[in-house]
Amino acid sequence: MNTIRHTATLFYYDGPQVFEARDEIGGHYVAVMVEPQGGLDRYLVAGIAPERLRQFRAGLLDLRSLLTERAVADWFLALAPAGLNVPPELQMADGSLADSPFLPDAGFVLHDRVAEDLALREARARNNLVLELAVEPPEAVEEHRIRVGTLVGLLNHVQMLVKHAYGAALRDLALSTRRAIDRSNAHLLDVVIPATGGSFRVVLEAAKSPDLLGQNELARALERVDALFDKVANPELAADVLRANRGHLAGAYLRLLRFLIQHKTGLRYSWAGPTFATQRNRSISEGEAAPLVSLLSGVSNLSSESVYLEGTLEEADVTKRTWRIATADGKYSGEVKQGGPSLEGLKLGDAYKFSCIEEIEAQEGAGREQRTLYLIEHRPV
Amino acid sequence: MNYLEPLPEGCPPDEATEISVPWEVFRLVRTNPPSRDDFRSQRAEKPDAVFRVSECQARGLSVFTERSDSERALKLPRLRGRVICRLRLKSGVGRIQQTGPPSHHTWWPLAAYDILADSGVETV
Chain F
7 MNTIRHTATL
17 FYYDGPQVFE
27 ARDEIGGHYV
37 AVMVEPQGGL
47 DRYLVAGIAP
57 ERLRQFRAGL
67 LDLRSLLTER
77 AVADWFLALA
87 PAGLNVPPEL
97 QMADGSLADS
107 PFLPDAGFVL
117 HDRVAEDLAL
127 REARARNNLV
137 LELAVEPPEA
147 VEEHRIRVGT
157 LVGLLNHVQM
167 LVKHAYGAAL
177 RDLALSTRRA
187 IDRSNAHLLD
197 VVIPATGGSF
207 RVVLEAAKSP
217 DLLGQNELAR
227 ALERVDALFD
237 KVANPELAAD
247 VLRANRGHLA
257 GAYLRLLRFL
267 IQHKTGLRYS
277 WAGPTFATQR
287 NRSISEGEAA
297 PLVSLLSGVS
307 NLSSESVYLE
317 GTLEEADVTK
327 RTWRIATADG
337 KYSGEVKQGG
347 PSLEGLKLGD
357 AYKFSCIEEI
367 EAQEGAGREQ
377 RTLYLIEHRP
387 V
Chain D
921 MNYLEPLPEG
931 CPPDEATEIS
941 VPWEVFRLVR
951 TNPPSRDDFR
961 SQRAEKPDAV
971 FRVSECQARG
981 LSVFTERSDS
991 ERALKLPRLR
1001 GRVICRLRLK
1011 SGVGRIQQTG
1021 PPSHHTWWPL
1031 AAYDILADSG
1041 VETV
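Keeping their order, the protein sequence lines are chains F and D.
For reference, each letter of the first sequence is one residue, going 7 to 387 in our numbering.
For reference, each letter of the second sequence is one residue, going 921 to 1044 in our numbering.
No lab work stands behind these hints: they were computed from the structure.
Hints should not be assumed to be uniformly reliable.
Quick partial rundown of chain F residues pointing at chain D, CB under 8 Å, derived from the structure [to be verified]:
1. 18
2. 85
3. 89
4. 109
5. 183
6. 190
7. 192
Listed next, with one range per pair, are the computed distances between beta-carbon atoms [claimed, not checked]:
8. 165/F <-> 937/D: 26 to 34 Å
9. 994/D <-> 33/F: 29 to 37 Å
10. 191/F <-> 921/D: 30 to 38 Å
Source: prediction; values computed, not measured.
Backbone N, C-alpha and C fix where the C-beta goes; we use that ideal spot for every residue, glycine too.
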């Protein structure tokens, strides 16, 4: 018996009213909730061509047309006795779907207005969060062109900025809320459309699909990023925003700005989720980035974060000024800066509280960050 | 705070807004005039069901803040025949959060709040 697996809810009201699904071999389906049978949720299910499904998601096609204007006549009913976590079995339905009382009325579209902006259009069509980047390096003046190193660097800096913005956003949530969130890969972006006309544009999509309600964890990060770009026309105000976001997020932002200046380009970006009414737009010009970087470069410890460790001291090298401590979360190694506390007198095997600052150094081109913990204070527990 | 239905820890989520100014929302009801049964959550309707949404979500009520979204929803087979009910939520009636397409929200009403008596309920 053929079954379908729920992949995304398209319309929700006291339960998924319309959702999309896949069968075991990747075929696309749309399911619409109909009258229950024996107290169990029941769905009308029909196989749909991917392009027609994309049009429906984008608000270009109504649900009734999607279901009735198909190349195949087969349609199904499916009961969901255990909810949608267990793939419902498809039962072939009799008669023509066009004559079925289960059909929705004409005119049900997912969005009232057709999206004109690219990020919003793509977010709806992909049913996922989409981020569009546009830069104007010198090589893009004549044609849609960008140096490999510039593109790789740009994508890397943006990904790191989003990663740290997500971390900062999560820290503001209550512990119980944080625990309820599936954070795996939530900050990751995939490149999906590497070309549109004009300046050099890249379209990225959240690596992780949105939840049943069309919401994506990545939005938390991008809202944080938006706040960083809000005041770029006024360096003093922008610096205040960055001071409020002191730590790895500020560091990643500063590295991105330096990168833009180095490659003689500004940055524009837009993003949207599939359920947004409008897309969000932010930008910074090369001319705005330079004074901001200049101002921020004078702010000390802008990009370092405080880290507190409690555990058993496993290693302490007084000469090399290095140490290792085993905590309940794992083992951490670090260094002591010139002028920092001495490691002399510390006993291996004893328990200590270490107050540290963590600094990140980006490894250009490698797409990685080098994190270093510097001890600034220690005391026995 | 005591909510209309027992809620799991961390529910409503931090992102939910405390209703402190009047809100106008729309809910699709089965009867005209509406009854208390029209304001039961999915969990209350199906105590043993397995939902793909969080337990917190399943214990809230779906409402729209735009009437046009309610009208659109009536085109769906499971919701066809329902009646649009307008509620004027007063300050202190619980928490609400946007949880879907532009105007879909989830509302967690407080237990002390009499929805039918105090929300200016009217079918429209």
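Can you list which hints this structure breaks, lowest number first?
-> Violated hints: 2, 6 and 7; rest satisfied.
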